[in-house]
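Construct the entire structure; sequences and hints are all you get.
There are 2 protein chains.
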Amino acid sequence: MTELLNNREYKKEQLKKLLRRIHEGESVEKLKEEFRAVLSNISPLEIPLIEQELVKEGISARDIAKMCDLHVELFREAVKGTDELEEKGLPDGHPLKTLYQENKEIMKDAEMLNLYARTLATTKDERMREEILGVLEEIVSSLRMVGFTHYNREEMLIFPYIERRGLTAIATVLWTKHDEIRAMIKQLAELLGKRDEMPWEDFVERFKAKASEAAFALSDMVFRENNIFYPTLRALLSEGEWKAIRMQEGEMGYYKVNPPAWNPGVEPLHPWEINPELSVEQLLGLPKEVQQALKGQPLEFDKSELRREGDIDLGTGYVSVEELKAIFEALPVDITFIDRDDRVRFFSPGERIFVRTPSVLGRPVQLCHPPKSVYVVNKILRAFKEGRKKEATFWLKLGGRYVYIKYVPLFNEKGEYIGTLEMTMDIAPYKKIEGEKRLLDWRD
Amino acid sequence: MTELLNNREYKKEQLKKLLRRIHEGESVEKLKEEFRAVLSNISPLEIPLIEQELVKEGISARDIAKMCDLHVELFREAVKGTDELEEKGLPDGHPLKTLYQENKEIMKDAEMLNLYARTLATTKDERMREEILGVLEEIVSSLRMVGFTHYNREEMLIFPYIERRGLTAIATVLWTKHDEIRAMIKQLAELLGKRDEMPWEDFVERFKAKASEAAFALSDMVFRENNIFYPTLRALLSEGEWKAIRMQEGEMGYYKVNPPAWNPGVEPLHPWEINPELSVEQLLGLPKEVQQALKGQPLEFDKSELRREGDIDLGTGYVSVEELKAIFEALPVDITFIDRDDRVRFFSPGERIFVRTPSVLGRPVQLCHPPKSVYVVNKILRAFKEGRKKEATFWLKLGGRYVYIKYVPLFNEKGEYIGTLEMTMDIAPYKKIEGEKRLLDWRD
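Chains as they are written, first to last, in numbering that gives the first Met the number 0: chain A, 0 to 443; chain B, 0 to 443.
Keep in mind the hints are simulated off the structure, nothing from the lab.
Remember, predicted model here, so these are calculated numbers, not experimental data.
Backbone N, C-alpha and C fix where the C-beta goes; we use that ideal spot for every residue, glycine too.
Any given hint could be a false lead.
Unchecked claim - Here are the in silico distance ranges between beta carbons for each label pair:
no., chain 1, residue 1, chain 2, residue 2, range
1, B, V373, A, E56, 49 to 55 Å
2, A, D195, B, K193, 58 to 64 Å
3, B, K413, A, S372, 37 to 43 Å
Unchecked claim - Calculated lysine-lysine pairs in the BS3-like style (CA-CA distance at most 30 Å, straight line):
no., chain 1, residue 1, chain 2, residue 2
4, B, K430, A, K405
5, A, K431, B, K436
6, A, K396, B, K176
7, A, K29, A, K107
8, A, K185, B, K430
Spelled out as structure tokens, the structure:
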């Protein structure tokens, strides 16, 4: 017991030295080398205890944060062996490599969350508490981004490929757990925001418990992904699939990593273009857990064709003319389109605010207006064609309606003017909307 | 002079007799026959004078209105000869016959407007004034519909056919005059509404002057149309063109007539489908005034083709895929479409509130939602497919945005369910809009 205490005293002394030098601005890289032995001997369980004592002795939370970073980095180096194995052969910028890299960041932030929450619970000093709370707010707001980036990319870009192959259960289980984690982190943020509304002891106990729960769930997810989900992806997805994923990643963004460009030089392969049937090699390449889970139930491959005979390829989907007509009819906005020669070329069908009939098709827009106002129409079109204006909006009251009219110039991919779109809608109903009504509030 | 006065006294006595019998409820049809001689001898100029005297003697404005109807009807019978000539050979329900019939109604209402405005100016009795004002309000509000029906049909359905043939000037002149008349009638309505805000004498003088001006403009337009515009149409338009016009008339409606169905058994011919060149027969068939106006200037036929190679026929227009993409990108609402099998088939491109990537295409919508909320998605879809619900709407605050989400089921022309459309928009900007901003307010 004395030995253990002494040992801790020794470690604490070493850490204090380290901290002092960090505080004095010495290179972290250099310190890492020097203190590698000390730090790698401290177990994650010991850290909060030691740090808590350091905090008592008046060392700032910011300096402790730096040490924590250092510690996590050394911890990561210690487990680098397995990391290396996981990422082996994956080039920089490959979506799977990026996922592994993000998981390291998530792991580190989860550890830090737990660490600081525990430190907070034992800190008596008011100023120190505020400092730690500041760090915790940063960590929690960082962690909220995990859902928007890392999990969201998996759910939106990657799951479709395994769903097509019949592995829908994996996707559903992971998504359910992602959402649980999202909710936990949201609760932590809310709890931080409401800390002044409850006694300090209540707050700090609840926060510590919830932080530990969230940290555990986050690291548990990292474990599941690294050991089951990612190896599954590795066994199944082809270069073309990864290429398609890579092309869409930018829409969601990343968690604390910034992968370089990666181009395997193959055509992107979208979920609806793959052959979803599993080959023997693919089956044997799956992690044991997945092989086990697949036993005894037939895989339901999804072989539905996306593109049907006669479909129009709109770049972001394939629709029939029948569907297009119904879509335009259902829009909450009436549209009329004039082409690059100012002729009316299309109007949306159905009940409209301003009536349109087929007789207007092909008519120059200047002849569709009261002669008195034609000069304004021409002024707007000139401003659009010359690129001086990007929209012209109008609004007027008409009976019980509040009619909002918007004109915008349209351009093709080459940036050439190809026409102008008129959009008309009744905004009166929107002006009345208050509060919120969410999906889960729906009742039939 | 005495003779004239005596003559008027006689006519007045006859009219009083007539009125008494109208008041007692006798058949107007029978009275018409009996008083034909008397009434047909009264000139339109005399009518206000006589009626004014009758009003002084306490006869109600309603009874005078009935007599006025009778008078106009007899007047119409007197000019029936020309009417018959104009309408000769036009079957009931033919758009041109309908226009002639509406013009008779417009003529009658214009006369009544003038008549009552003049009577009002000389009426001293308070109760009688109110009664006349009531009748005038009805007439004015009726006449406002001339612009929405008769003129609007001409401007929207008929003008495109003469514009294509190069007779753009006729269309522009008529539309300008239509708008002047619209403005006059609107002013009359406003003046009636503000009568308590000014001295009676001021009001009544202004009203009389404006009513006379409007009545003159209305009847002048009837004259122009009947003698120049309609004969021009008769010389130029084919059965197919009238058929197309007839098919669209319902969108605008009619002025006090209700034409029966008319189907010449030919294919409808839209403006962009006609051969716009004038034949010699057509030129010679034009009214002298139009022939005169056309001299010395070459007719600029509009032979532009509406449908281009590769265009998609959307029923209400022809667009290229390039134009369609640009239209969807410019919409103030993001859309996502799932087909009858619940699979995502299309989403609109561009900056979106909720990100969509191609990976979602072909994915069952149930797999695109957090597993927790899938049951609600399924409930909504079931209600849509079973026809129990026509929409589901949600709204929530998201940063500075007020996001409004609307789901609607889509059906084809046979009424079969073909999918569901999700529409998402930010309504925060609409909530801030106040007042009005009209086309003529635009400044570049």
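Hints, one by one, checked against the model:
Distance hint check: the CB atoms of V373 of chain B and E56 of chain A are about 53 Å apart, consistent with the given range 49 to 55 Å. Remark: the range hint 58 to 64 Å for D195 of chain A to K193 of chain B is upheld by a beta-carbon distance near 59 Å. A hinted range of 37 to 43 Å holds for the C-beta pair K413 of chain B and S372 of chain A, which are about 42 Å apart. Taking the CA atoms of K430 of chain B and K405 of chain A, the gap is about 16 Å. The hint holds against a cut of 30 Å.
For the suggested pair K431 of chain A and K436 of chain B, the alpha carbons sit about 20 Å apart, so the restraint of at most 30 Å is met. Taking the CA atoms of K396 of chain A and K176 of chain B, the gap is near 25 Å; set against the 30 Å cutoff, the hint holds. For a cut-off of 30 Å, the pair hint linking K29 of chain A to K107 of chain A stands: about 21 Å separates their Cα positions. Straight-line distance between C-alpha atoms of K185 of chain A and K430 of chain B comes to about 29 Å, which keeps the hinted pair within the 30 Å bound.
Figure legend: structure checked against the earlier numbered hints; every hint is met.
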